[in-house]
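Participant: Same order as they appear, the protein sequences are chains Z, F, V and S. The first sequence begins at 113 in the working numbering and counts up one residue at a time. The second sequence begins at 113 in the working numbering and counts up one residue at a time. The third sequence begins at 75 in the working numbering and counts up one residue at a time. The fourth sequence begins at 75 in the working numbering and counts up one residue at a time.
If you are wondering where the hints come from, they were derived from the structure by calculation, not from laboratory data. It is possible that part of the hints are untrue.
Derived PhoX-like pairs: lysine-lysine, alpha-carbon spacing no greater than 25 Å straight-line [to be verified]:
1. F/214 x Z/155
2. Z/155 x Z/242
3. F/155 x Z/214
4. Z/257 x F/214
For the chain V half of the interface with chain Z, some residues (derived, Cβ under 10 Å), not all of them [claimed, not checked]:
5. 119
6. 121
7. 124
8. 125
9. 126
Here a beta-carbon is modelled for each residue, glycine too, at the ideal position from N, C-alpha and C.
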Amino acid sequence: MIRVQENDFDIGAELARLTEGRSDLGAIVTFTGTVRQGAGDDKIDEMTLEHYPGMTEGELERVEAEARSRWPLAASLIVHRFGRLEPGDNIVLVITASAHRKAAFEAAEFLMDYLKTNAPFWKREVSGDKARWVEARASDDANAKRWDARGKAAE
Amino acid sequence: MIRVQENDFDIGAELARLTEGRSDLGAIVTFTGTVRQGAGDDKIDEMTLEHYPGMTEGELERVEAEARSRWPLAASLIVHRFGRLEPGDNIVLVITASAHRKAAFEAAEFLMDYLKTNAPFWKREVSGDKARWVEARASDDANAKRWDARGKAAE
Amino acid sequence: MSVKLLYFAWVREQTGIREETIELPQEVATISDLMTWLKERGPEFAAAFAESHVIRAAVDQTHVNHDARVAGATEIAFFPPVTGG
Amino acid sequence: MSVKLLYFAWVREQTGIREETIELPQEVATISDLMTWLKERGPEFAAAFAESHVIRAAVDQTHVNHDARVAGATEIAFFPPVTGG
């Protein structure tokens, strides 16, 4: 399940909804990405997340389907926010649940790596009277690529 | 921070407590282990978790300190339950928070792998009128050992 | 053939346009051709597409390379490398 | 020297004892020696420690190997491989 929204999300409530009445889950992993304040020259006051409505949902669905084809996930969720955010605010939530922890951990990392390089979001950071578009990091591309070679993962 | 308790835990509340007022965290990972009902010959009705009071707390503190020496964690938490549990119930919660997601993911996996092989807990599963002590899995030893060779992790 | 063009992030800021519908000229066969053609529309577009090698494109909401064909496209988007998550 | 012994999980079930305090005999130098000595205390202990190679031990709440010395120990625990998490 995927969702793109301006509002905040409640991790406890999302978890409860996803796992309610389920006794087949042995391992549940959540990843939450939040706005870091930074320090010195990197200190930010706020951030705006622009996205490509329509394509965003399509990419998140594609990424989730890919994870579910690679790992035996009993449940999964991606929630990504857009709009104006402040330091400490939530940006993205990924939840993966499986019978075993290895699948849940790997799938959550995979989802984050793929989402970082494929979901059409752009961060604009504001610091005082200066604003700048965040640049993509080569390490994100490298993180996403490491899954390509693996194809179907173990377990 | 570590806690050993008979009562359930509330993941949302634990997360809120750990991250409240923090704007230095970019990545927060939670792992929750729950009682799987199983199926067929592995179907269980309930489970009892026995532990070694005193040593349990010591081992969890040692494991957490080891993770914090290997990764730059801004916050961490381990909560482990003991006593009688039913399918679907929570068993263990691990939370790791860091500036970057790689450290948070790796540290959470490390904590679970080490806890599985070092924390003195024993599961006794009840199915109908039969009870059996869960046997340790060779894969858990292998998972824990893979960290030994690595020593200090990247980032 | 008419096609909707969308611009995001600093590509949008530099072109000054969020979206527009244009008639695709005959000589434009690929994304690369389209960027070359766009650069000639004026200084804003010349600036936006000056470093065209870093710009990413999507045809009908799917990521494509610069050598992708544009024939049959309904919607073409240009944007910097993504930075979500 | 007196030492507290603790038994957990199926070791506890088989010995029928959760904890006890004993006087360590002179000839018991290591965990391995202690298990050999315990086996001779009766059929419950013989059964509990029959497969002593799978049993784990902790001296003063720290995991140890079977060749660890027991001199100076306050508390020694015996249990199966752990299965928490």
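Participant: Compare the structure with each hint and give your call.
Facilitator: Going down the list of hints, with the structure as the test:
no., hint, verdict
1, F/214 x Z/155, "22 Å, holds"
2, Z/155 x Z/242, "11 Å, holds"
3, F/155 x Z/214, "22 Å, holds"
4, Z/257 x F/214, "15 Å, holds"
5, 119, "18 Å, violated"
6, 121, "14 Å, violated"
7, 124, "15 Å, violated"
8, 125, "12 Å, violated"
9, 126, "16 Å, violated"
When each numbered hint is compared with the structure, violations occur for hints 5, 6, 7, 8, 9.
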